[in-house]
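K.L.:
Here is how the chains run, residue by residue.
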Amino acid sequence: MEKPQLITRRRALITGLASLSGLMLPGCSQPLPPTYGNLLRMGDALTYLSHRTLLPGQSLAKEYDSRDISSFPATGTTNPADRGFVPELREVYGRLQKDAFQDWRLSVEGRVARPGRFALADLQRLPARKQITRHTCEEGWTAIAEWTGVPLSVVLQKAGILPSARFVNFYAYDGFSDSIDLYDAFHPQTILAYGMNGRSLPVPHGAPVRLRVETQIGYKSLKYLQRIVVTDEFVDPGDTGWAWYVGI
Amino acid sequence: METMPAPTLHPVLVRHPAWVRLSHWIVAMSFLVLVFSGVVILMCHPRLYWGEVGNDLTPALFELPISRNYRHGGWEQNGAFFGYAGSPVSASRTYDIFNQNGWGRSLHFLSAWFLVLTGLLYVPAGFFSGHFRRKFWPGAGEFSFRALRQDVREHLQLRIPFQTAENPYGLLQKGAYLTVVFGLLPLIVLTGLTMSPAITAVFPFLLKLFFGAQSARTIHFFASVLLVLFLLVHVLMVVLSGFRRQIRAMTLGK
Chain A
65 MEKPQLITRR
75 RALITGLASL
85 SGLMLPGCSQ
95 PLPPTYGNLL
105 RMGDALTYLS
115 HRTLLPGQSL
125 AKEYDSRDIS
135 SFPATGTTNP
145 ADRGFVPELR
155 EVYGRLQKDA
165 FQDWRLSVEG
175 RVARPGRFAL
185 ADLQRLPARK
195 QITRHTCEEG
205 WTAIAEWTGV
215 PLSVVLQKAG
225 ILPSARFVNF
235 YAYDGFSDSI
245 DLYDAFHPQT
255 ILAYGMNGRS
265 LPVPHGAPVR
275 LRVETQIGYK
285 SLKYLQRIVV
295 TDEFVDPGDT
305 GWAWYVGI
Chain R
-17 METMPAPTLH
-7 PVLVRHPAWV
3 RLSHWIVAMS
13 FLVLVFSGVV
23 ILMCHPRLYW
33 GEVGNDLTPA
43 LFELPISRNY
53 RHGGWEQNGA
63 FFGYAGSPVS
73 ASRTYDIFNQ
83 NGWGRSLHFL
93 SAWFLVLTGL
103 LYVPAGFFSG
113 HFRRKFWPGA
123 GEFSFRALRQ
133 DVREHLQLRI
143 PFQTAENPYG
153 LLQKGAYLTV
163 VFGLLPLIVL
173 TGLTMSPAIT
183 AVFPFLLKLF
193 FGAQSARTIH
203 FFASVLLVLF
213 LLVHVLMVVL
223 SGFRRQIRAM
233 TLGK
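Residue numbers (the working numbering), protein chains in the order written: chain A, 65 to 312; chain R, -17 to 236.
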């Protein structure tokens, strides 16, 4: 009779995979957002997984001096009243803009104990954070600006985010939507910005309030915020053609 | 007309171990995909800068005419951020640019993973097996400026002496491999990582090391140009020294 081997290759592989998935568990209830069906997205998934397992989560992105503030291109949507994807939102945004965003409300809903609607003045009454950071666009350019806003963590805690929550979804007046995980949502530099370079956020840069996610590429910092929805599960946006996690 | 002197030694076959052959082809394939996707990404913004900041509203070091985005000029001024003369400005884009970065970036990073993971196995293996010491590192008494000058002269005349099985590479060849493995490839990976906001948040010294995010991008570009030049010379040498024989050595190992 053959002596049973203590460690077979198969067992070593299974053990390795099991410990790897153990590494993934603390990140989120679901190891990876399920948008990654194809080969291309496997690289993005590996990047996301390695960043979340190998990098400490709360390191601050470099902050600059006010002398470093640079010219700043406005790209993508530069006014949702002219070029929004959703006709109704386009109209609403046009009306809000005429009124200097007096009637604008940011809805915070989903897996929170106290859903609510925040006016611009409500957000400005909350503790503010000012940061001079570098915006890194996927196109290849960079620009430095000073942003003033309220940390997203403050708003989420005020709304009573539930312990089961794992993702924060954002919906914008130009028709875009996106989501981030709680690592980025609770990052101290992730803010809902209402000021840019010492003034109100201009319309081309996302008025009245935009998201700033300083640890990811520029397109995650959604402009023209309308609604925030906290979810337990990843909301699959379908194939947008763009990587969901862009810390790189 | 004088005839070329016959080589004093018969061509020897370098016996590449399997791990060298495997990592050679993984790196070769991923490098080709990285060059292709890198050009696609560069076509989206074919301007290169120095320092932390660079965009269409700031001056560039140079601009490459490789897509319709070259000097497109499609900007509508929004005005200055501050009151003083020469204040930073904002402008809205009015031009529909060429942008294939949705798949271009993902393909770039996917192939970069192959390159980096292979490199992380190859470099320790090269040290521990003595591969680098025996094949890449010039032996005692092998390196002198006279020997190097002679090697350069012989290469320029395309009269490259055959080496022995124990010492299969010439001085220039060793120098080229050392530069690629320990210079250009680590440099291109590190400058690539310096463009990542998540990485530089954790390792801010990268921004200091490469003088800023845009400098890192520019160095990344020049490192890729040098690597492409290396590839062209490498392939040329393979062809000149017996294409079939060399390919067999790097695939079948015999």
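Hint data in this document are derived by calculation from the structure and do not stem from the laboratory. Hints are supplied without guarantee of correctness; some may be wrong.
27 Å max Cα-Cα, derived BS3-like pairs, lysine-lysine [claimed, not checked]:
| no. | chain 1 | residue 1 | chain 2 | residue 2 |
| --- | --- | --- | --- | --- |
| 1 | A | LYS126 | A | LYS194 |
| 2 | R | LYS236 | R | LYS117 |
| 3 | A | LYS194 | R | LYS236 |
| 4 | A | LYS126 | R | LYS117 |
| 5 | A | LYS126 | A | LYS162 |
These numbers were taken from a predicted model, which means no experiment stands behind them.
K.L.:
Next, verify each hint and record whether it holds.
P.N.:
Cross-check of the supplied hints:
no.	hint	in the structure
1	A:LYS126 / A:LYS194	13 Å, holds
2	R:LYS236 / R:LYS117	17 Å, holds
3	A:LYS194 / R:LYS236	64 Å, violated
4	A:LYS126 / R:LYS117	43 Å, violated
5	A:LYS126 / A:LYS162	36 Å, violated
The structure fails to meet hints 3, 4, 5 from the earlier list, while all remaining hints are met.
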